[in-house]
Amino acid sequence: MEHTTIVETHSLTKRYGSGVLAVDSVDMSVRRGEVYGFLGPNGAGKTTTLRMLVGLIRPTSGTVTVVGHAPGDPAGLAKIGSLIEGPGFYPYLSGRENLRVVADLVGVSHKRVEEILDLVELGSRAGRKFGTYSTGMKQRVGVAAALLKDPELVILDEPSNGLDPQGMAEMRKLIKDISHSDRTVLISSHLLGEVEQICDRVGVISNGRLVTQSTVQELVGEKGVLVKAQPVEQAEDVLTRMFGHEVVSRQNGSIHLKITPENSIEINRRLTSAGIGVSELRPYERSLEDVFFQLTGEKQGS
Amino acid sequence: MIATIKAEWRKNRFRPAFLVSSGVIAALVAFFYATNWYLALHPAASQRPGGTNILALYPDQFVNNAMGAAYPIGAAIAIVLGALLAGSEYSWGTMKTMLTQRSGRLTTWLGRVVIFEVWMAIVTVVLLAAAAASSLVVAGFQGHAIAWPAMVDLGKGFAAVLLILSVNGALGLALGTLFKNSAAALGVGLTYLLALQIIVVQFIDAVNNGAYKWLGNLFDGQNADALLSTFTSAAFGPSTPASIAPNTAVTVLFIYVAAFLVIAAGLLRQRDVT
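Chains as they are written, first to last, in this note's numbering: chain A, 1 to 302; chain B, 1 to 274.
Okay, chain A solo, but in the shape it has when bound (with noise of 0.2 angstroms):
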């Protein structure tokens, strides 16, 4: 199937005048139509990538479309929709009134301001000022700017940032909502699980470079069975017996094998007949948080 890309950077990078090098040479591609999650721990260059490809901030090198113009490039901005770093609005005026200020900008009717507060959920509070809003609430009107323009391109920076649970699956159900099929929707974020439930493709970035970039079931890769059995050494000579190097490994004291749950009885059979005891055995799937902190390094429940 052919993919027309509404992203496209190359070897873009950004070096700050202390000589920091905050992203380096980052090649990522979003394609038209999907939910794409831009994974990495915090201060990995997510923001900054972001802010590059509305205009904030100037690549040091590189290059970068977005929707088929320069980042900035004001024809390019009235097809994007942003929530960058966190909601920016005035505090002194009212939710309804911030978003009345982007619609003049982007010159829509305040008819679609109605609208797009009550797809978010917010017009029976939308009169309160700004200022008085509760994070979850600041988050809403933040999408809510970023959707008034009925953009071909949604980018949401950390969009469940600051929210409690039920908050952040309302987000989860938001995003959802907004990423109907000609619209393609980038959301970075650290929070694996969210990414996991809503991305068609993730991208990762550690250290400024992007790691990975692929779909979420070629991320996570082939199932396989988990096998914790005692003395583990003794199980795990057994199995290579049975399988091959190639498909045996041992992580963090279990065994994983790269192979179907149909061997499972097999499995057992032969280890409780070699006197292994066999304490769990169970098909097993690697999750995004698995392979996160495999590619970016950083250490589990650290």
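Keep in mind that the hints are not guaranteed to be accurate.
Stretch-level coverage of chain B by chain A, calculated; a stretch enters the list once three of its residues show a Cβ under 8 angstroms from a Cβ in chain A [unchecked claim]: (1) 10–19; (2) 28–35; (3) 94–104.
Chain A residues, not near chain B, derived (Cβ > 10 angstroms throughout) [stated by the list, open to error]: (4) 10; (5) 58; (6) 101; (7) 123; (8) 132; (9) 164; (10) 166; (11) 206; (12) 214; (13) 247.
Okay, derived cross-link-like pairs now, SDA-like style, lysine to any residue, Cα gap no bigger than 20 angstroms in a straight line [to be verified]: (14) 79(A) to 180(B); (15) 180(B) to 18(A); (16) 138(A) to 180(A).
Worth flagging that the hints you see were computed from the coordinates, not collected in a lab.
Even for Gly, the Cβ is constructed at its ideal location relative to N, Cα and C.
Using the hints provided, position chain B relative to the given structure of chain A.
Below, chain B without anything else, positioned relative to chain A:
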């Protein structure tokens, strides 16, 4: 451009800083009239030789009187407003919201400058209106006949005050953009207006018996003073002629406005918004 102006007006029309500043300048003008009225009626309380002339407080003199409030008080208020308008866009994170919509950076900047100038004009009208209303009260209580200044003098007064507020407002805007912060901008701006500029000019004037006075005359404060000193009459007593011609002062002040606005536009266009 129209869209930007519309959006800037929507967000600034009820901005507390502008509303409060307009109120403050009106109150200061009223206070100025009240104290001078008292001093005119009680010459013994005045430290000014000959006391205050009550004739200077009547409606025909209100434009000349309003000039006293334009500099440095009005100028200081303009610096504060400019610094707040430009600096708070960064601290609230609204700069990125504005720049990621549809307008280019310079269009956004121009829209902001237009609305800032509209507000400077509103503050100027408030200042003159407060002076007119106060003079009317004085004349009413004193039983003096009401006579207004000529329209041409009113127009000149309006233009002079607007120009002085614009110079200092543009300085505030430039500093707010430079520091990406209101507090630092208004601190530096007010220090320049109320202390630094005065000290530097006094120093320059003192060197070599005033051989470099021309250099001191390039400062905006000197030109503002020179322009305002042309608004006087016999009611205010004898005055010393300014060392800068009014036309020169107007030209220098216009150059300051343009320079501050161009510098701020350049900073906004070139720098990253982080």
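Next on the checklist: When the structure is checked against the list of hints, which entries are broken? Sort them ascending.
Outcome noted: 2, 5, 6, 14 and 16
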